[in-house]
Structures are given as C-alpha cells and as structure tokens.
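Taken in sequence, the protein lines are chains R and F.
With the working numbering as the guide, the letters of the first sequence map in order to residues 1 to 111.
With the working numbering as the guide, the letters of the second sequence map in order to residues 1 to 114.
Simulated from the structure, these hints should not be mistaken for laboratory data.
Check before you lean on any hint, since a few could be wrong.
[Unchecked claim] Here are some chain R residues the structure puts well away from chain F; computed CB gaps all over 10 Å: (1) T62; (2) Q64; (3) R77; (4) L88; (5) V100; (6) G104.
[Claimed, not checked] For lysine-lysine, the following DSS-like pairs were computed, each having C-alpha atoms within a straight-line distance of at most 25 Å: (7) F:K65 - R:K56; (8) R:K42 - F:K7; (9) R:K42 - R:K67.
[As the list claims (entries may be wrong)] Across the chosen pairs, the derived CB separations fall in these ranges: (10) R:K56 - F:S27: 21 to 27 Å; (11) F:R110 - R:A17: 46 to 52 Å; (12) R:P81 - F:E54: 21 to 27 Å; (13) F:G101 - R:Q1: 42 to 48 Å.
All residues carry an ideal CB built from backbone N, CA and C; glycine is no exception.
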Amino acid sequence: QKEVEQDPGPLSVPEGAIVSLNCTYSNSAFQYFMWYRQYSRKGPELLMYTYSSGNKEDGRFTAQVDKSSKYISLFIRDSQPSDSATYLCAMSDTGFQKLVFGTGTRLLVSP
Amino acid sequence: SAVISQKPSRDICQRGTSLTIQCQVDSQVTMMFWYRQQPGQSLTLIATANQGSEATYESGFVIDKFPISRPNLTFSTLTVSNMSPEDSSIYLCSVEDSGTGGQYFGPGTRLTVT
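Extracted from the complex, chain R is given alone in its bound form:
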C-alpha cells in the first residue's frame, strides 16, 4: 500500500462546476499538507499548504484536512478551463522538506 493514495482521474467537469480533489494517507505522523498544480511539461506549482487539521481558503481554492480520517481535499469553486491540469497532493512530517507525493489527479474543465 502506498503512503499517499490519489485517484489518477481524469476528472472531467463543465466550466463553473465545483471540483473536489482528494487524497488519503496512511502515516499518522504527517502534519504538513500541500497541494500542487502541474500543467503539462511544467514543474509543479505550489497552490497552498495547511498545517495539521482544518480548512484554508485562498480565492477559489479551499484545502481541508481531516487527520482523524487521514483524508485531505482541495475544492475549486467556479472552475475554469485554465484550471485544467494535474493536481498533486503532498505531505510531510518534517515541515517542507521530505515530501511524499500522491500520483496526481488529472482535471479537465470544458468550456
């Protein structure tokens, strides 16, 4: 079993939809949780990070962490075609150093 599981998709939604992206993990020591967006042939771009449990909002993006269920989510409101990319979750028990990544979920937002 992988330490971090993520559905590879693709997840196809119409423009304007609310998107929910999720990861589960097995290591209860993870405290730092990150979401990255990766466009084709580009490096991953850090969208947001959270520490421990709770929610964090940044514009159209909301990250949620449920440590009791070992489950994290990224919600995208009013999705746009420009949101079409692969979304990677990452987590760590040592701050922003040794990150463990999910395989990524490919999101397609159609106009």
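Using the hints provided, position chain F relative to the given structure of chain R.
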C-alpha cells in the same frame, strides 16, 4: 517565492552515457532537493543537497548513480550516470522557502535514454 531554472530543459541520450542537470535559484537557500517523476508515478525524492556537506540520498538511490554537487547557496547539479532506458524520466529540483513556507519546483528536465 524563489525563481528556479534548470538546464537542459530536455535531452535525448544514449545508454551508457551520463548527463549533468543544472539547477539555479535566484536567492540563497539552505536546502535543495532533487526529484524524479516517471510517467504515471508520483514524484520521488532522490536526495537532499545542503551546501558544504554531502547529499543525503533516499532509499533506492545511490551516489554512484546520481552524484550531486552543491558548490554554493544558489546552485546544484545532479548527474545521471551510466544511463539506461529505465532512467528516462523528468528530473526536478526544488527548494524550501523557509520564509514563506513551502517547497518550490523548477521547470524540470525531460530525459529520454535510447
């Protein structure tokens, strides 16, 4: 956040040869990281490079295969040695931003070994 560049952006190499990938950051950083991203797989940490000390390698990666240099606080290189087709992958460097938090990635080097 730091701006990171990598050279080359892509290369096609013959098996048995070596390739050195360069990573340049626009600010001084303590920790730099090298990752591999194979098709359909998650990013995998190869090693952590601190300036002035030997790189720390993750399980499954060895210095003879992936020698790393870190001559100063803004630059690092990763060499992929004695390449085989299984080394075909995207190689990424990243840095930790201790000020704002988070780990930031370069654009990657796409390597194909024939």
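Hints, one by one, checked against the model:
1. Listed as a non-interface residue, T62 (chain R) keeps its Cβ farther than 10 Å from every Cβ of chain F; the least gap is roughly 17 Å.
2. Q64 (chain R), annotated as away from the interface, keeps every beta carbon of chain F farther than 10 Å; the closest lies near 18 Å.
3. The beta carbon of R77 (chain R) is kept farther than 10 Å from every beta carbon of chain F, the shortest such distance being approximately 22 Å.
4. In this structure L88 (chain R) is not separated from chain F by more than 10 Å, as the shortest Cβ-Cβ distance comes to only about 7 Å.
5. Once the 10 Å rule is applied to beta carbons, V100 (chain R) is inconsistent with being away from chain F; the minimum gap is 8 Å.
6. Residue placement check: G104 (chain R) does not keep its beta carbon more than 10 Å from all beta carbons of chain F (closest about 7 Å).
7. Note on K65 (chain F) and K56 (chain R): the hinted pairing is violated, with a Cα-Cα distance of about 41 Å set against a maximum of 25 Å.
8. For a cut-off of 25 Å, the pair hint linking K42 (chain R) to K7 (chain F) stands: about 14 Å separates their Cα positions.
9. With a C-alpha separation of about 31 Å, the suggested pair K42 (chain R) and K67 (chain R) falls outside the 25 Å cut-off, and the hint is violated.
10. Range check, K56 (chain R) to S27 (chain F): about 25 Å between beta-carbon atoms, so the 21 to 27 Å window is met.
11. Under the hint 46 to 52 Å, the C-beta atoms of R110 (chain F) and A17 (chain R), about 32 Å apart, miss the expected range.
12. Restraint check, P81 (chain R) to E54 (chain F): a C-beta distance of roughly 46 Å breaks the suggested window 21 to 27 Å.
13. Between G101 (chain F) and Q1 (chain R) the CB atoms are about 29 Å apart, so this pair departs from the stated range of 42 to 48 Å.
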